[in-house]
Amino acid sequence: AQSVTQLDSQVPVFEEAPVELRCNYSSSVSVYLFWYVQYPNQGLQLLLKYLSGSTLVESINGFEAEFNKSQTSFHLRKPSVHISDTAEYFCAVRPISGNTPLVFGKGTRLSVIA
Amino acid sequence: EAQVTQNPRYLITVTGKKLTVTCSQNMNHEYMSWYRQDPGLGLRQIYYSMNVEVTDKGDVPEGYKVSRKEKRNFPLILESPSPNQTSLYFCASQMRTGADTQYFGPGTRLTVL
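Sequences listed follow chains A and B, in order. According to my numbering, the first sequence is numbered sequentially starting from 1. According to my numbering, the second sequence is numbered sequentially starting from 1.
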């Protein structure tokens, strides 16, 4: 079975400051890794995903995440946040083979302060 | 527009009164899923469906039923709702499992009194 730990439930940060949202996972098999974002009063939407190849993946709005296999981590970073980044962020994993569902972490609420 | 729709978006009901939350997707996806979201617990999967007439339990299936008679629809049924089912519910779909992106509906906020 897989599990995902998001180490911070809430992260307040000032506008234009950098941020890192931490995600660690546990799995006995190889997994795909995802970050989803949930803006206020909306459903989740995919932010970025790691499937294979380069361990650094980027989103269109300036976020990036790096897959670290030895540390089983997939931390999300942004060098300069905006007010509009205020949202809840979920890390998720799914095994590469088989038909098992996504396993989500409990989420990290990012609050950007003006 | 490719989307997952849910209805109703908000529902207040009383204990024991059967209800159905509908979910529909227009992307011809094989895989559909229901989640509930509760503060501090993240998203927990209730049921999922790999294809028409194929459904399976997720992590928290007790008190819920689903059906998948058509590829596009995946309703969630609460035969006898209880207050502990007060939650925010999301339907999701994707082409298949594995690397495919999962698309989420806008959510249904259910309150059971």
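Since the hints were made in silico from the structure, they are not lab data. Just so you know, not all the hints are guaranteed correct.
Said to hold, decoys possible - Residues of chain B placed beyond 10 Å of chain A at every Cβ, according to the derived structure:
| no. | residue |
| --- | --- |
| 1 | ALA2 |
| 2 | GLY42 |
| 3 | ARG44 |
| 4 | GLN45 |
| 5 | MET95 |
Said to hold, decoys possible - Going by beta-carbon spacing under 10 Å, a handful of chain A positions derived as facing chain B:
| no. | residue |
| --- | --- |
| 6 | VAL4 |
| 7 | SER9 |
| 8 | PRO12 |
| 9 | TYR25 |
| 10 | SER26 |
| 11 | PHE34 |
| 12 | TYR36 |
| 13 | GLN38 |
| 14 | GLY43 |
| 15 | LYS49 |
| 16 | GLY53 |
| 17 | HIS82 |
| 18 | THR86 |
| 19 | LEU102 |
| 20 | GLY107 |
Keep in mind the model is a prediction, meaning the values are calculated, not measured. All C-beta atoms in this analysis are idealised placements derived from N, C-alpha and C, irrespective of residue type, glycine included.
Next on the checklist: If you test the structure against every hint from before, which numbers come out violated?
Outcome noted: As far as the earlier hints go, 2, 3, 4, 8, 9, 10, 16, 17 and 18 are violated by this structure, in ascending order.
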